[in-house]
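K.L.:
Respectively, the protein sequence lines represent chains A and B.
This note's numbering puts the first residue of the first sequence at 248, with every later residue one more than the last.
This note's numbering puts the first residue of the second sequence at 822, with every later residue one more than the last.
Some clues are possibly wrong.
[To be verified] Listed below are the simulated BS3-like cross-link pairs for lysine-lysine, each with C-alpha atoms no more than 25 angstroms apart in a straight line:
| no. | chain 1 | residue 1 | chain 2 | residue 2 |
| --- | --- | --- | --- | --- |
| 1 | B | 862 | A | 252 |
| 2 | B | 956 | A | 252 |
| 3 | A | 348 | B | 1064 |
| 4 | A | 294 | B | 862 |
| 5 | B | 951 | B | 1016 |
| 6 | B | 957 | A | 252 |
| 7 | B | 862 | B | 956 |
| 8 | B | 951 | A | 348 |
| 9 | B | 1098 | A | 294 |
| 10 | B | 1098 | B | 862 |
| 11 | B | 1016 | B | 957 |
What the hints contain is simulated information worked out from the structure, not anything from laboratory work.
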Amino acid sequence: MKKIKDADLQLLLGHVLRAGTVISITIVFFGGVIYLHRHGHLIADYKIFRGTPGFIHEPAGLFKGVMQLRGQAIIQTGIILLIATPVLRVIFSAVGFALEKDYLYVGISLLVLLIIFASTLSGHAV
Amino acid sequence: MSIIIFTIILLIGSYFAGLLGSLTGLGGGVVIIPLLTLLLKVDIHYAIGASLVSVIATSSGSAAAYVREGITNMRLGMFLEIATTAGAMCGAILAVYIPTHYIAILFGIILICSALLSLRKKREVIIAQKNELAKKLRLNDSYPTQAGMVDYGISNVGGGFFMMLFAGVISGLLGIGSGALKVVAMDTIMRIPFKVSTTTSNFMIGVTASASAVVYLQRGYISPGLSMPVVIGVLLGALTGSKILVNSTSSHWLRWVFAIVVTFLAGQMIYNGITGKI
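Please model the complete structure; the sequences and the hints are all you need to start from.
P.N.:
Encoded structure:
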């Protein structure tokens, strides 16, 4: 019985990872087309580190940028989804292990999520 | 250089980086960072951000296929992810305080180590004795082979965990998957069959990279215009690589060519780091 459930979880995680990758890359691609159409003729400048443009740095600005169909905002949304995909996989693992009544691994999955959460906060502090 | 030309060059370069990375098992990040910093003179912070995003894409894309085949040891992956994500968080925080030329030198050193490690002869070892901790954590598993399901045991869980912490720090600091380090931890320390260690390492790379990407995202390291061609190129290259069936003699030859190329790039990174050009 346990073996079958593990196989179910593996199938589910496979779906989550594939869907996450395909959806986010598609968004990145569409954002890229808009970005190149609007900014392609400008000069590429990545020699000096200046961070990223202000409007894609805050969630509110990012949302506004997507609504206005700004290329960079759409690309960044796709990238954020891509970063979220493995995290989503851990969340689904936690739920899957809970269904299997494997509470040790529910705990381990939650600990991994906690570390990522702490990491997110540490980035915000600077 | 106009953005459109720059994007096309990056797309092509990233495609070959992804292809080589997938064929040799080293990952695309180790080629992307030298390509961006040495050839295209991109600031190393942006290079690390773009590479990290491409690492997540390839890991998720290929892990999706492996995990269904049942080769990946999910419990082992989850358990070791505690170490890799904690390490990655520390690496990303450390990266802010370390001057960029030290990061370039460290990158070169890790690159040479990874290339040497990839030349190692691989043999499939299956150990039967059960480690107490591995038993408690239910890490011992079985995996499908041509001869049916084979059970395997895991030794030195503590040592492997510690090595994963180190692999996580390197991944967070340099923006690479550090798959070579993860495989070594599982192969030589924990004595896991090679097929299981490669797929499980790949399974862990995505979440490890995400743990440091959340830091880099907020610090503005992840530039959309730069990451877009890199992530698309590397992913397509890795996809092509997974479709090509390499026979063992040409794979050996390819590994040598790649090791030489990588050593050259590593030397350039170290030289530019020492002279302060990066």
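K.L.:
Are the Cα atoms of residue 1016 (chain B) and residue 957 (chain B) separated by 25 angstroms or less?
P.N.:
holds (23 angstroms)
K.L.:
So if I understand the rule, the pair passes when the alpha-carbon distance is 25 angstroms or less; does residue 951 (chain B) with residue 1016 (chain B) pass?
P.N.:
holds (19 angstroms)
K.L.:
Between the alpha carbons of residue 348 (chain A) and residue 1064 (chain B), is the straight-line distance 25 angstroms or under?
P.N.:
Distance ~38 angstroms between residue 348 (chain A) and residue 1064 (chain B) Cα, so the pair is violated.
K.L.:
CA of residue 1098 (chain B) to CA of residue 862 (chain B), is that 25 angstroms or under?
P.N.:
Cα-Cα ~10 angstroms, so holds.
K.L.:
Would you check the hint for residue 294 (chain A) and residue 862 (chain B), treating anything up to 25 angstroms between C-alpha atoms as holding?
P.N.:
holds (6 angstroms)
K.L.:
Does residue 956 (chain B) pair with residue 252 (chain A) here, judged by a C-alpha cut-off of 25 angstroms?
P.N.:
holds (20 angstroms)
K.L.:
What's the verdict on residue 862 (chain B) and residue 252 (chain A), does the C-alpha distance respect the 25 angstroms limit or exceed it?
P.N.:
Answer violated: residue 862 (chain B) to residue 252 (chain A) is near 50 angstroms, above 25 angstroms.
K.L.:
Verify the proposed pairing of residue 951 (chain B) with residue 348 (chain A), using a straight-line Cα cut of 25 angstroms.
P.N.:
Within the cut-off at roughly 24 angstroms; holds.
K.L.:
Please verify whether residue 1098 (chain B) and residue 294 (chain A) have alpha carbons no more than 25 angstroms apart.
P.N.:
holds (12 angstroms)
K.L.:
Sort out whether residue 956 (chain B) lies within 25 angstroms of residue 862 (chain B), counting only the CA atoms.
P.N.:
Violated, at roughly 50 angstroms.
K.L.:
Quick one, are residue 957 (chain B) and residue 252 (chain A) close enough, alpha carbons at most 25 angstroms?
P.N.:
With a Cα-Cα distance of about 20 angstroms, the restraint between residue 957 (chain B) and residue 252 (chain A) holds, given a limit of 25 angstroms.
In the structure shown, a violation is registered for the earlier hints numbered 1, 3, 7, in ascending order.
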